[in-house]
Amino acid sequence: MTDMPDTTTTGNPSHDAPGDVVDDAAGYYREGDPIADTKSPDDQPVERRWSERKFSARMANPAKRRTLSVIVVGTGLAGASAAATLGEAGYQVKTFCYQDSPRRAHSIAAQGGINAAKNYKGDGDSVYRLFYDTVKGGDYRSRESNSYRLAEVSVNIIDQAVAQGVPFAREYGGLLDNRSFGGVQVSRTFYARGQTGQQLLIGAYQALERQVAAGTVETFTRHEMLELVVVDDGSGPRTRGIITRDLVTGAIDTHIADAVVLATGGYGNVYYLSTNAMGSNVTASWRAHRKGAFFGNPCYTQIHPTCIPVSGTHQSKLTLMSESLRNDGRIWVPKDPADVTRDPRDIAEEDRDYYLERIYPSFGNLVPRDIASRQAKNMCDEGRGVGPEVEGVRRGVYLDFADAIARLGRPAIEAKYGNLFDMYTRITAEDPYQTPMRVYPAIHYTMGGLWVDYDLQSNLPGLFVAGEANFSDQGANRLGASALMQGLADGYFVLPNTIRDYLADGPFDTVPDDHPAVVEARASVQERIDHFLTVNGTRSVDSYHRELGNIMWEYCGMERSAEGLRKAIDLIRSLRDDFWRNVKVLGDSESLNQSLEKAGRVADFFELGELMCIDALHRRESCGGHFRAESQTEDGEALRHDDTFAFVSAWEFGGESGARELGTPVLHKEDLVYTAIEMKQRSYK
Amino acid sequence: MTSVATTDLVRGGRSTRTTIALKLTMAVSGLVFVLWVLAHMYGNLKAFAGHDAFDEYAGHLRTMGQPIFPHAGALWIIRAILVVAIVAHVTSAVILWRRAEGARTTRYQVKKNKHSSLSSRTMRWGGLALLLFIAWHLINFSAPRVNVTGGSTADPYDLVVDSFSTWWLTLVYLVAMLALGMHIRHGFWSACQTLGWTSTTRARHRAKSAGIFLAVLIAGGFSLVPIFVLAGVITK
Amino acid sequence: MTLTLKIWRQADAAAEGRLHTYQLDEVSPDMSFLEMLDVLNEQLNAAGEEPVAFDSDCREGICGMCSLMINGEAHGPEVTTTCQLHMRSFADGDTITIEPWRAAPFPVLKDLVVDRSAFDRIIQSGGYISVNTGAAPDAHAIPVPKQNADRAFDMATCIGCGACVAACPNGSASLFVGAKVTHLGELPQGQAERDHRVVNMVAQHDHEGFGGCTNIGECAAACPKEIPLDVISQLNRDLRAAMRHGH
Ligand SMILES: Cc1cc2nc3c(=O)[nH]c(=O)nc-3n(C[C@H](O)[C@H](O)[C@H](O)COP(=O)(O)OP(=O)(O)OC[C@H]3O[C@@H](n4cnc5c(N)ncnc54)[C@H](O)[C@@H]3O)c2cc1C
Ligand code: HEM
Ligand code: HEM
Ligand code: SF4
Ligand code: F3S
Ligand code: FES
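Chains as they are written, first to last, in our numbering: chain A, 1 to 685; chain B, 1 to 236; chain C, 1 to 247.
Do not take every clue at face value.
Output of the computed footprint for chain C on chain A, the stretches with three or more beta carbons under 8 Å from beta carbons of chain C [to be verified]:
hint, segment
1, 167-175
2, 203-211
3, 291-298
4, 610-619
So the derived list for chain C, only partly shown, Cβ under 10 Å to chain A, looks like this [to be verified]:
hint, residue
5, A13
6, E16
7, G17
8, H20
9, S32
10, L34
11, E42
12, L44
13, C58
14, D92
15, G93
16, D94
17, G127
18, P137
19, D154
20, K180
It should be emphasised that the hints constitute simulated quantities derived from the structure, not laboratory data. All C-beta atoms in this analysis are idealised placements derived from N, C-alpha and C, irrespective of residue type, glycine included.
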């Protein structure tokens, strides 16, 4: 529901003049040279750019391909599809994942569906319309040529998946069914009940395993990438490999290849509680960042309004309830804070505040994700939240189906949402047919990620980034059903076509084990591990992670202010300092040690968290899922500043100063230029 | 049958060398047994028709098929089929048993079975009991023939009546029939499943019911003669 | 609530393991089973004892990473995954025995963590449809009757958790293999490789050291995704067809 029918108004209704803009982040960063994406043929019209690039990208013949090697870290939709396709093309591929099987990557959890501009419904969909919706949904902060390409290859994804045997929903005629998702006006979402991500991932996983059998791909499961190997032999830096830890034996290994692809997913777990999997982490991306790769728009995170609320301090993760529920459920809280503990069924109609319907009469409960989320937080902050009190606040609002059940009958609701209701009952032991559901926003997706050019190559030559781990296609906000599309677009169709241009210069010289770059990378991995095992402090890794998460959620979550963000930066710095001196990790490094794994991940989240806050502080505008208190319209709606912030913030690592202190990060701006689309301000009143 | 995980892929697998091929062997030989016991049980019930009818049936076993087959020829063919079947059935059972033992080298400290019948979990011990029973049964009634009362073994009818007048021998037979019933109860539907005839819930339920029906029919039918002999209804 | 936990502890694959008994207080009925173990681990960590290793990732019942034999039942007493099991399914004062999956092809790596890579090799041996990227016809070129598509979907929901193997008295993975064979066999795209697929997958299954199925049925009862026994019949049938076709 991020994208809505065309009720947008042109231009910015009110904004500061360019000179007025305050640099909140002054002192926290340095500004570097601006960057441009040099691979996108921007002289061409947007619809010609991809064919043009595919044609200009150099090739390697089949015999040569066998001599070229690629490392793919991550086996989610992006990684598995890339590895399978590169394997089919004949490259020697190695893949890595931290789970015990490639099939378990977090893409498996996606429920809703995948978009494609197939126009099978004949309802006027087109590549341009999907492109338009994506850019607008991303609040005009994505790169035009990437978003267009995404829409363009979306149709091939469906063909590929169907041929692999992905059991998409079908109609009685045997043809594929579609639904409309995320509030768009066309029916373009392909789905497999509530398990679309699972089915697509299994398709990609099977393609990957087929290549394993064919001998082109080697998989390393329960292996975590802990460092990137960047070699500079005079001709500039080149990414040549990774250092991994075998999570079972603890062995630290070096893997060298001609190119490295990171497809390691999002970093939502910096908030501790999110809809991400327990092991989702930023380590791979962060290690690359520390080696010189720019991090794009780290503060762009997406918050999903309808997750099952936190039930207590023991909570380890949050579960998403599909966005489709808002089509029939009505959201409310009691008008009187004294009523929050009463049985909702006993609260009279006139004592309920259907706040979304009240504030946004024309969109009501169907406002976009960011708005629904922010208003839910406002209600709870006002003391009108419902459900159990966790750390002093009741964080929940009602999502009520009583009206829908009365109107459509229980069987109709069961048919539509039965499995979601069952899941809700299993987790909360409450029956949503009888009492309203309770929902609350949670971190769900991260639009930010490593900066890449049109080829999906980072500024470090030889390092490619695909899927949620890169920053490029979704802008400041993501439409429902478009992350699966992006992961598979990158992996099946984009990356295999662009990486060949880079590999055409290979194979590169072998990198011996005693190469200084390898020795340094291994030593730093070893040093961190040894440190964690010898601090022998008093606090568990989880307790630090939880506290970091609270800071991030409080100050760098749905609503951000300069004051809060500065405070967060201070809090993070002192907590990080304490973490390094006082964390307690038992066991050894020669066997499976889950606390040790977590310690490394949390250490990187600390550094990322700080950069996110700096990025958020610098971006003094409200856009997409990210609301800055200082940038709102008179009636409290998000206000974007296209004149000052229509750029990508690509952050360069500022180095380390002294004992685990971070240096000042350097900001490189990539201006966003739209040639095929006009920037508009969103409005939902 | 290794006890550690492998890391290699099998190339060029053959359908006939799989565990499922063994299962198919068991299913087919098992169904041959079912047919045999059905016929045999029907024959046994002739005991209710008296001495002559029973002996005539025993005699008929040997003359059937004549003149196409020599005397007792058809019987020998049936015997051959039964011998092949039992060898195949038992060999497959032993291989599968050993595989299963190898697949779980460490037992659970606590294990619940929530959805399976006792019959299904005792197929192997039940089969072993049946094997012992068959061995004894052949010694008892077929060759060399043993009369536990010390009487003559020449007349099949009299041998049956003598045997089942002995309470403990009747008990042995009844226990064996319980084992047989349980074996068939699971074995029949299992054979259907193995042959791939039960790919829907309904077909599965039907096969299960048929298994129970056959089990009761066969084990019950066999048990009548010993019980009625012991009760003194069937006499010399 | 207060619980007594008997948990299998084993230092690594080569070590001997045994059950250790722990006492845990203040367990909330709203906790998931794994959150309960998280709390235990915090307690152990504070006391200087290494936390219990167990697998989990998505914690929403879809990735198949979590496992655990809970009081003799794979994934515990409810028809769901361990991560979706909640402590309200237990009573105050209960003793809960927690063991790893037991199967020779699933060796224990540490405590409650086992190696399930055998499943990946079974998929490698044929659990796919061979189609190179870019070689696919338009998705609407191959209509699939809805009922086949639905059945294929039902069987494709297997999460590869291994509970079927853990529950089967024979340590057989027939339900897992059957689910994949049925999923792909229902679809027109899956026909070309159907015979090869079933033979190779079963051969790999056997090679890994899983037991043969004797149709006991514990697997389907333990399966959190309710994969029915139908798939084993279908598996057998497909193998018989392959045999007839001389594979
Ligand atoms: C609950 C939920 C529902 C969603 N629903 C939808 C939806 O309906 N539609 C939609 O379009 N999108 C949806 N999304 C978003 C979408 O699922 C993800 O953005 C997308 O799947 C990410 O894919 P990926 O391949 O980039 O990464 P992932 O699938 O997250 O894969 C990451 C991979 O990297 C590996 N990895 C990570 N770190 C390391 C390391 N350090 N070393 C080695 N390996 C590593 C992991 O093992 C894993 O294999 C949903 C997301 C969630 C959480
Ligand atoms: C008259 C005797 C017997 C009959 C009628 C009979 C019948 C059957 C049948 C129909 C099956 C099912 C096959 C399948 O699962 O597909 C079966 C299985 C089996 N039988 Fe027998 N059998 C007999 C004797 C024996 C003997 C003597 C043994 C000795 C070891 C034995 C051991 C087994 C075992 C272990 C199974 C495996 C269980 C299974 O596959 O389900 N059976 N039997
Ligand atoms: C109470 C039950 C049974 C009775 C009263 C009974 C009786 C007999 C008799 C009288 C004979 C001798 C026939 C002859 O040689 O003239 C015989 C033979 C035989 N019976 Fe049974 N039987 C019983 C159960 C079974 C069962 C359960 C099985 C198999 C599982 C079985 C298998 C055989 C076989 C294999 C022979 C040998 C046939 C031959 O080759 O001559 N019997 N039985
Ligand atoms: S068949 Fe069921 S129990 Fe077996 S692996 Fe699949 S989901 Fe798990
Ligand atoms: S429990 Fe085992 S024996 Fe077969 S039916 Fe299931 S695999
Ligand atoms: S942790 Fe993913 S299914 Fe349980």
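Structure-based check of each hint:
1. With 9 residues having a beta carbon nearer than 8 Å to a beta carbon of chain C, the segment 167-175 of chain A meets the requirement of three or more and the stated coverage holds.
2. With 5 residues bearing a CB less than 8 Å from a CB of chain C, the segment 203-211 of chain A meets the requirement of three and the coverage assertion stands.
3. A count of 0 residues in the segment 291-298 of chain A with a Cβ less than 8 Å from any Cβ of chain C is obtained; the coverage claim is therefore unmet, three being the minimum.
4. With a cut-off of 8 Å between beta carbons, the segment 610-619 of chain A has 0 residues touching chain C; three or more are needed, and the interface restraint is violated.
5. For A13 of chain C, the interface hint holds, since its Cβ comes within 10 Å of a Cβ in chain A; the closest pair sits about 8 Å apart.
6. Proximity of E16 of chain C to chain A is violated relative to the hint, the smallest CB-CB distance being about 15 Å (cut-off 10 Å).
7. With a cut of 10 Å, the hint placing G17 of chain C at the interface with chain A is violated, because the nearest CB-to-CB distance is about 13 Å.
8. The interface hint given for H20 of chain C is violated, since its Cβ lies 15 Å from the closest Cβ of chain A, which is over the 10 Å cut-off.
9. The interface hint given for S32 of chain C is met, as the beta carbon of that residue sits about 7 Å from the closest beta carbon of chain A, less than 10 Å.
10. Against a cut-off of 10 Å between C-beta atoms, the interface hint on L34 of chain C holds, since the closest Cβ of chain A lies about 7 Å away.
11. Here the hint on E42 of chain C is kept, as its CB sits about 6 Å from the closest CB of chain A, short of 10 Å.
12. A distance limit of 10 Å between C-beta atoms decides the matter here; for L44 of chain C the minimum to chain A is near 8 Å, and the interface restraint holds.
13. Given the 10 Å rule on beta carbons, the hint for C58 of chain C holds: about 5 Å separates it from the nearest Cβ of chain A.
14. Interface restraint check: D92 of chain C against chain A, minimum CB-CB distance 16 Å, threshold 10 Å, status violated.
15. Residue-level restraint check for G93 of chain C is violated (minimum Cβ-Cβ distance to chain A is 20 Å; threshold 10 Å).
16. The interface hint given for D94 of chain C is violated, since its Cβ lies 17 Å from the closest Cβ of chain A, which is over the 10 Å cut-off.
17. Annotation: interface hint on G127 of chain C holds; nearest CB of chain A at approximately 6 Å, less than 10 Å.
18. Interface hint at P137 of chain C: satisfied, since its Cβ lies 7 Å from the closest Cβ of chain A, which is below the 10 Å cut-off.
19. At about 9 Å, the closest approach between the beta carbon of D154 of chain C and any beta carbon in chain A falls short of 10 Å, and the interface hint on this residue holds.
20. Hint on K180 of chain C holds. Least Cβ distance to chain A is approximately 9 Å, under the 10 Å limit.
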